[in-house]
Amino acid sequence: MNTAVQKPTPSSAPAAHAAWPVPQRPPAPATRERHIRFEPMTEADLDAVRAVEVSAYAHPWSRKHFHDSLQAGYPAVLLLGEALPGEPGKAVMTGERVLLGYLVAMPGVDEVHLLNITVAPMHQRQGWARFLLDALVLWSRGQRAQWLWLEVRESNEPARHLYRSHGFSQVGVRKGYYPAGHLRREDAVVMSLNLAAATAREAP
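The sequence shown: position 158 = 158 (full-length UniProt numbering), numbered continuously.
Hints may be right or wrong, so weigh each one.
[As the list claims (entries may be wrong)] 25 Å max Cα-Cα, derived SDA-like pairs, lysine to any residue:
hint, residue 1, residue 2
1, K175, D187
2, K175, E186
3, K64, R174
4, K64, D47
5, K90, R37
6, K64, G108
7, K64, H182
8, K64, A91
9, K90, R153
10, K90, H35
11, K90, W149
12, K175, F38
13, K90, F38
14, K175, A58
15, K64, F38
16, K175, V190
17, K64, E43
18, K64, G95
19, K175, R160
20, K90, A51
21, K175, S155
22, K64, W149
23, K90, V54
24, K175, A196
25, K90, D47
26, K64, D45
27, K175, E154
28, K64, P121
29, K90, G142
30, K64, G176
31, K64, A180
32, K64, L183
33, K90, S55
[To be verified] Computed spacing ranges between beta-carbons, pair by pair:
hint, residue 1, residue 2, range
34, T42, L183, 24 to 30 Å
35, L84, V109, 38 to 44 Å
36, R125, A58, 15 to 21 Å
37, P23, Q146, 18 to 24 Å
38, R164, K64, 30 to 36 Å
39, W147, G86, 41 to 47 Å
Just so you know, the hints here were simulated from the structure itself, not pulled from any lab data. Virtual Cβ for every residue (Gly too), placed ideally from N, Cα, C.
Working from the sequences, and respecting the hints, build out all of it.
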């Protein structure tokens with residue numbers, strides 16, 4: 001679900017590397033036995049991140065996109081899990097941990113823009129994308145953001161369904177935003193989540 005490729009600029013957000021909260025809502029039951037944790041993405045992780053990125057997308061981010069995001073101070077986090085029996089050698093590893101997924105965001109004034117959220121292909125359909133999105137919502141609220149924004153390919157209906165189920169609304173379309181191969185372009189659907197309204201809906 002990588003989104004728009006934007007050239008990172010230095011971030012003035014002082015809390016860009018604040019600890020990431022672990023959502024209360026667990027992923028799919030079959031994955032609950034795995035011990036997981038969030039860790040900040042670093043330059044040392046980029047080989048593993050890039051390996052997942054190219055396996056997940058026809059038009060992946062380059063290593064430089066991740067490097068520039070880190071240099072700009074954007075919040076970038078890895079979702080890591082312990083290796084289960086028989087898994088090493090099949091899964092993408094960083095250190096001794098399995099790289100389940102990651103996200104990169106861009107903080108702004110009263111808002112956060114999701115730039116990239118990705119789950120490794122062999123770990124998809126297990127609830128990790130929703131888990132990462134939950135964590136981003138919690139983190140954004142911790143930064144006192146009012147809005148969460150993202151772009152998604154018009155053809156990516158599974159991702160759009162996930163975002164809608166999370167409370168995002170479509171607010172616009174950006175024509176020809178994404179490369180689609182053979183000199184073609186694909187529109188981006190712009191979506192937003194009003195974090196204050198979502199918090200009020202969730203209150204008992």
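Now for the hints, and whether the structure bears them out:
1. K175 with D187: Status holds; Cα separation ~5 Å.
2. K175 with E186: Given that 25 Å is the threshold and the Cα spacing comes to 7 Å, the pair holds.
3. K64 with R174: It holds: about 24 Å lies between the C-alpha atoms, which stays within 25 Å.
4. K64 with D47: It holds: about 11 Å lies between the C-alpha atoms, which stays within 25 Å.
5. K90 with R37: Holds, because 20 Å separates the two Cα atoms, which is no more than 25 Å.
6. K64 with G108: Since the Cα atoms of K64 and G108 sit roughly 22 Å apart, the hinted pair holds (cutoff 25 Å).
7. K64 with H182: Roughly 23 Å separates the two Cα atoms, so the pair holds.
8. K64 with A91: holds (23 Å)
9. K90 with R153: Measuring from Cα to Cα gives roughly 29 Å; hence the hint is violated.
10. K90 with H35: holds (18 Å)
11. K90 with W149: violated (34 Å)
12. K175 with F38: violated (35 Å)
13. K90 with F38: holds (21 Å)
14. K175 with A58: holds (19 Å)
15. K64 with F38: holds (22 Å)
16. K175 with V190: At roughly 11 Å apart (the allowed maximum being 25 Å), V190 and K175 satisfy the hint.
17. K64 with E43: holds (11 Å)
18. K64 with G95: Judged against 25 Å, a Cα distance of about 21 Å means the pair holds.
19. K175 with R160: holds (17 Å)
20. K90 with A51: Holds, because 12 Å separates the two Cα atoms, which is no more than 25 Å.
21. K175 with S155: holds (13 Å)
22. K64 with W149: holds (23 Å)
23. K90 with V54: It holds: about 16 Å lies between the C-alpha atoms, which stays within 25 Å.
24. K175 with A196: violated (29 Å)
25. K90 with D47: holds (16 Å)
26. K64 with D45: Holds: K64 and D45 sit about 13 Å apart, inside 25 Å.
27. K175 with E154: The hint holds at about 10 Å.
28. K64 with P121: holds (22 Å)
29. K90 with G142: Judged against 25 Å, a Cα distance of about 36 Å means the pair is violated.
30. K64 with G176: Given pair K64, G176 holds - Cα atoms ~22 Å apart, limit 25 Å.
31. K64 with A180: Satisfied, since the Cα-Cα distance of roughly 20 Å is no more than 25 Å.
32. K64 with L183: holds (22 Å)
33. K90 with S55: Answer holds: K90 to S55 is near 13 Å, not above 25 Å.
34. T42 with L183: 24 to 30 Å: At 36 Å between Cβs, range violated.
35. L84 with V109: 38 to 44 Å: holds (42 Å)
36. R125 with A58: 15 to 21 Å: The hinted range 15 to 21 Å holds for R125 and A58, with Cβ atoms some 19 Å apart.
37. P23 with Q146: 18 to 24 Å: Once the Cβ atoms are compared, 20 Å apart, the range 18 to 24 Å for Q146 and P23 holds.
38. R164 with K64: 30 to 36 Å: holds (32 Å)
39. W147 with G86: 41 to 47 Å: Because 43 Å falls inside the window, the suggested range holds.
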